[in-house]
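The primary structure of each chain is shown beneath.
There are 2 protein chains.
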Amino acid sequence: MNSDFHIKSEIRILGIDDSALLNKNVMIVGTVFRGGSWIDGVLRSEITKDGLDATDIISNMIKKSKHYGQIRVVMLDGITYGGFNVVDIEKLHRETGIPVIVVMRSYPDFEKIKSALEYFSDGKERWTIITRAGKIEKIAGGKGRNPIYIQKAGIGLESLKKIIQLTSIRSNIPEPLRVAHLIATGIILGESRGKA
Amino acid sequence: MNSDFHIKSEIRILGIDDSALLNKNVMIVGTVFRGGSWIDGVLRSEITKDGLDATDIISNMIKKSKHYGQIRVVMLDGITYGGFNVVDIEKLHRETGIPVIVVMRSYPDFEKIKSALEYFSDGKERWTIITRAGKIEKIAGGKGRNPIYIQKAGIGLESLKKIIQLTSIRSNIPEPLRVAHLIATGIILGESRGKA
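Order-wise, the sequence lines are chains X and S.
Numbering-wise (my numbering), the first sequence opens with residue 1 and increments by one.
Numbering-wise (my numbering), the second sequence opens with residue 1 and increments by one.
In isolation and in its complexed conformation, chain X is listed as follows (with noise of 0.2 Å):
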């Protein structure tokens, strides 16, 4: 399952955040890139606030994208959207065929998270999505730079940090994350902010 792979240089990823909490529905944007090096594509799509469709919008949002066949890999920058919308990442592997790679700037505060879920009708359920997404690891961030953590689903950790350490060129956070985060705060805010 969480097998190791060659990667190429150019190896297609995408990259996929969400915006700020303005409305019911949150704008996610996906950034194809190839490496660390440039843009192929953009995608866009809404998911519900605090809804639980995260995982079918972007899993249905990657199988009609033109990019589809070359996407290797998946990047989400966590795995709650829009609120607590969560992606579970065992599912959205297995729908696309695609290995996904959760990455995170600081190790989740899981006992806030819980206390937050309890006023979620659904809250048990997005508690198993979570716990679902597995062991939380602490890997070297992109050019010797702050460490960050991460999960997976249907990739191994060697091909994993590889990964890591091609597509981080310009901070600890991978290119395909650190611009969608870019175009989603700049398209929503009108101009771009703060880190992915």
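Each hint can be trusted.
Copies of the same chain look alike in the list, so a pair counts if it fits in one copy or across any two.
No farther apart than 30 Å at their CA atoms in a straight line, the calculated lysine-lysine pairs in the DSBU-like style are these:
1) K64 <-> K195
2) K114 <-> K138
3) K49 <-> K24
4) K63 <-> K195
5) K66 <-> K24
6) K143 <-> K8
7) K161 <-> K91
8) K124 <-> K114
9) K64 <-> K24
10) K8 <-> K195
11) K112 <-> K161
12) K66 <-> K195
13) K195 <-> K49
Keep in mind that the hints were calculated from the coordinates and are not lab data.
It should be emphasised that the depicted structure is a prediction, and the values quoted were computed from it without experimental measurement.
Mind docking chain S on chain X? Use the hints.
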């Protein structure tokens, strides 16, 4: 006025493209690039389809950006945005203090434009702005690819050519415009398509 200047490899460039004409408000997207290498920021604003507000809105978008002090060149994809919303490049240069480069894949069909402008009550004013944009010159595209056509305000031809060569690393269109186009079409249509 059209002076040449030293071009650093990481010169900050703002490339601006518009999106599909689906509504009265047409989204414009700006990408702040360092040379042809990577994106530092994304800007977004709206102009009126077939209006005459593009010059002022682009000028204001630039002046209120946190990148304003760093941007050394503005690149436009032709001078008509959102239908026939004509950009006055001399005014844009004067108001922002930043040189402007207009990039076109092909020589504009001025007869067609002139005919279309007959349907506008202020068609003469728009035509004056178009002629004021100055001589259209054919120059080499990046890396020996197809030639492009350019106009300019506040920059010499030698500096302009260096900037085109520096930034056209993926096609004969400079990266700031290529990526602005991918973002504008991707966000509005759900997936990027076509060429800047």
